[in-house]
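Start from the sequences and build out the full structure, keeping to the hints where you can.
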Amino acid sequence: MAASTLLMIGSSSGAASRGHAAMSPIKIGVSLSLSGDFSADGIAYKQGYELWAKDVNAAGGLWGHPVSLDIVSDASSPTQVVTNYQHLISVDHVALTFGPFSTLLTLPAAQTAARNGYALVEGAGGGPSIFSAKLHNVFDVTLPVAYDLAPFAKWVTSLPASSRPTTIAYATSNDPFTQPVVDTAASLIAGHGIKTVYNNVFPAEATDFTSIADAVVASKAQAVVIGSVDVPTVSAFMQAFEQAHYTPKVIIATAGPDQGAAFIKAVGAGNADGMMVPNSWFGGSKNPASQKMVKEYIKQYGGTAAGVNADIAEAYSVGQVMAAAVKATGGFNNAKIISYLHSGVTIQSVQGGVKFNSVGENLAQTAYTFQWQKGGTTFVEVNPVGDKGAVKVLYPKPAWGK
Amino acid sequence: MKKWSNLWWLAGLVVALVLPLVMTNPAYRGIAVYTLLFTACATSWNMFSGYSGYVNLGAAVFYGTGAYSEDLLANHLNMSGGAALFWLVPLSGVVAMLIGIPVGLVALRVRRHTYVVITIAIFFVFQLAATNFGFTGGTAGLTIPFIPWMASYFDVPFYYVALAVLIFAILLSAGVRRSRFGLQLLAIRDDEDRALGLGVQVAAVKLTGYVMSGFVIGMCGAIYAMKQGQIYPQFVFDPLFDITVALMCFFGGFGTLVGPIIGGVVLESAQQYLTVTYSSGGSLYLIIFGALFLLVILFMPRGIVVYVKDWWGRRQSRIESSQTAATAGVAS
Amino acid sequence: MHALIDGVLTGSVYALMATGLTLIFGVMEIINVAQGILVILGAYFSYTLSTHFGIDLFLGLLITIPAMFVVGVVIERVFVARLKGPEKTAMSILVTYAIALVIEGSLNQIYSVNYQQLSAWYVNKSFELFGVYFPYIYVYGFLLAVGLLSALYVMLYRTRFGASIRASLADQAAAALVGIDVKRVSTICFGLGVAITGAGGMIYGATNTFNASSGADLISRLLTIIVLGGMGSLGGALVAGILMVTVEDIVGVVWSPIWSTMSFFIVLVVVLSLRPQGLFGKLSSRVA
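Protein chains in written order, with the working numbering: chain F, -6 to 395; chain C, 3 to 334; chain D, 398 to 685.
What the hints contain is simulated information worked out from the structure, not anything from laboratory work. Bear in mind that the values here come from a model prediction, so they are computed numbers and not experimental data. Among the hints, erroneous ones may be present.
[Claimed, not checked] Covered stretches of chain F, as calculated for chain C (at least 3 residues, CB under 8 angstroms): (1) 82 to 93; (2) 157 to 169; (3) 326 to 337.
[To be verified] In silico DSSO-like cross-links for lysine-lysine, where the CA-CA straight-line distance does not exceed 30 angstroms: (4) Lys522/D with Lys242/F; (5) Lys127/F with Lys258/F; (6) Lys367/F with Lys288/F; (7) Lys580/D with Lys485/D; (8) Lys311/C with Lys522/D; (9) Lys47/F with Lys258/F; (10) Lys285/F with Lys320/F; (11) Lys127/F with Lys348/F; (12) Lys381/F with Lys292/F; (13) Lys47/F with Lys147/F; (14) Lys242/F with Lys213/F; (15) Lys580/D with Lys367/F; (16) Lys213/F with Lys522/D; (17) Lys258/F with Lys522/D; (18) Lys147/F with Lys381/F; (19) Lys311/C with Lys481/D.
Just so it is clear, CB atoms sit at the ideal spot from N, CA and C, and this is done for glycine as well.
Structure below.
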């Protein structure tokens, strides 16, 4: 078996070749978690990348070449992600690389790409550790996570004193990308006549949230901020709240309600009503490119605009940014692409404007807050207040199960 | 027979030494480094668990401790990314051994079957501790200074360091097997009560073996941390690591010297290669991997090495018996 | 107070899930690491019955439990029964791990990786008693756990078959000597263990959102429960399950949730240092 593996290694590295004639397909390498802990997001990312590739090919390809995506699975393992990108680059000879899902896997991927001189454009690695590594080749098209809740904080503190919540509870996972979001929100909200009655961190690997949820219930807070990482976390809190007949005036969760149909399926439409979530994109966005993408997504996979996962738009934006860089630099030279993306240019994506700073953060975007309304049938933008397309917040939140 | 086996070892060593010169593609070199690391871990694991029969399903305790020591030491000493970081590898191995002493004292108080489960439980204590303590960086993990080597060269130093660690592990395991200490471990595996009756200091022998196995596994964790750039609690204190290392030994031949080497080389390279090549089909490869794995365990329950030996032995005896039959036929 | 109620209600469900594990270990010295994924398999059985056939969750158990029993018997006959020799326990971990991979992969293929939760009118409702809200699902789950565990207890201590299981628990060789068909007992025990797990899976699925990967998170908790309770002790699993959830809840409320899981493990390590065999375990000197 060892011998045959070696034989396969020998033959496959000889077979591929780097040179391409005009109009030969251009390969883009991606490693995604198609199984394991991040698989739900990994599969959404795959759909987003594929949707982008289909659109590009329909419009004549990338710099005249049809795009072919080379997607491999890393089973949510950082060891495999290193092997995968190295394999994509030096065996499959992909011309460009797109990022994996989750910051946890993005850093090893970015370092591997850096050693090979490749740009890694990604949409999911927005955690501080990516940017503190100061790699020159990583570009995150999505807004860094820490300021996600700023529009919400602004809205809640500007409510008239008579209807403003007087107490607030924070319960957050000690996830490296969630805790900074909630901490920032707490510091923005503090001192506006809203008293913090509960503030606790729970372990990221917790499977049983009942006791934490019960503590939030006992605090009788009128506003609740949940630093959730996925659908199961937020749905566990919602279930415990409903069982305790406790309906805060406002609930915002950092992740979960943004998962579209997957969220509704887990919690039920009635309970979703009034749930809020921050994000950089949503299915009902008025951005014309985004509307076009959503239409195509629904045509291919079914569902409704509100049900489209934000991961799709992140992945799609990655493709758009790369396409703009290829067009501007006139080819697939990664060094040129890297310096172009660092040049301070603003690129339009389905998520809005993209402009990178020296460590690859996109600070050109604004965060939005979204809410499920009309009995959990529509997902709409509510913050920042006064933004074009923002509707009024459903406040106070309706009682559970209505 | 003895001579032949020495030649095999020599041939293996030569192949291992020249491999990176022949195999210049960085993708395969990377796989080779992981393979060497896992093989070294399997060899060292087998040196205690295989010889004594005390199956340790918490070997990641050593691996994770080694990885965290490497990163913590590098950061505290303000080192920059480069070859000097390799000096911290043996030091991290020692830290892993030291941590192993209290762990061994708690875990080794019970007999074999219960021990297996307790090692798993203690493993989770470590994973949780790494996730929740401040100095470990919590869920954000730790980073080591970025090593700015180009991809064409990057894996070469890692390869030779990992190879050195593997050779050390093999020599140590072979040395233990031939020593009095090794005989005591084997006596415990055969019949612990009898070994005790014969005056073997069972508790001390078990603890020594357990702690010794931690040195190489800790070093491998440190090398992994260096190569990977960033470590997270759930990936260095990884339950899959525990199972993989044990599987490699059972696959190759539990308690034999060569078994873990064969198991490590075949399984790790095959798994990495198969995942990168055939994983686009979603969860299908999970099913295939699990099914293959079941077949091997069920049809070669004592590992490849023993299976091949038995097969060879049967073949030889068949040839002999047919020869005797033939001679008998001629004679009559 | 609330933590205590929650500890008893939730803990009994964990005990239900862990019972199969401890029963199988006690009788066969097999560590079934597929237990976590079998819980999830049970949850998916209930999911299919309730969404596609509109059968109530608890009524559906009449189908789920026998179905899971068959699953258990098949796994035992085809794979586990083949394991022999001194390394049987360790090998069983590898075999059941491989089985878990196959089941996880298959569930992913069939149900996709999207999270599911079981629903019924009582899942999100609760009733009030002495000023405390009791969620129906937890109370029903508790009653189910107590019911099934008592049934198991009666079977073990009041029937002839139970006597032969207990004999095998105590000493397999001796049981075989007095004419007990240890092979048959093992198969049925494995089936029973998995069947009970299926019931636990239904409650788990109604109180948590799950997908096929959730099984991996569960197995560590179930293993620690049976280690704490004493490997092979049914009563131990119950006490340890309740103790685990209660300790976690109290620490979470009084101190900080971040330390709640950790606190249980500290209890575990302390208990093990004082009593290596666990709370109710017997110190095994059996030589394999």
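Exercise for the section: Run the structure past the numbered hints and jot down the numbers of the failing ones, going up. Expected result: Hint check: 3, 5, 8, 13, 15 fail, others pass.
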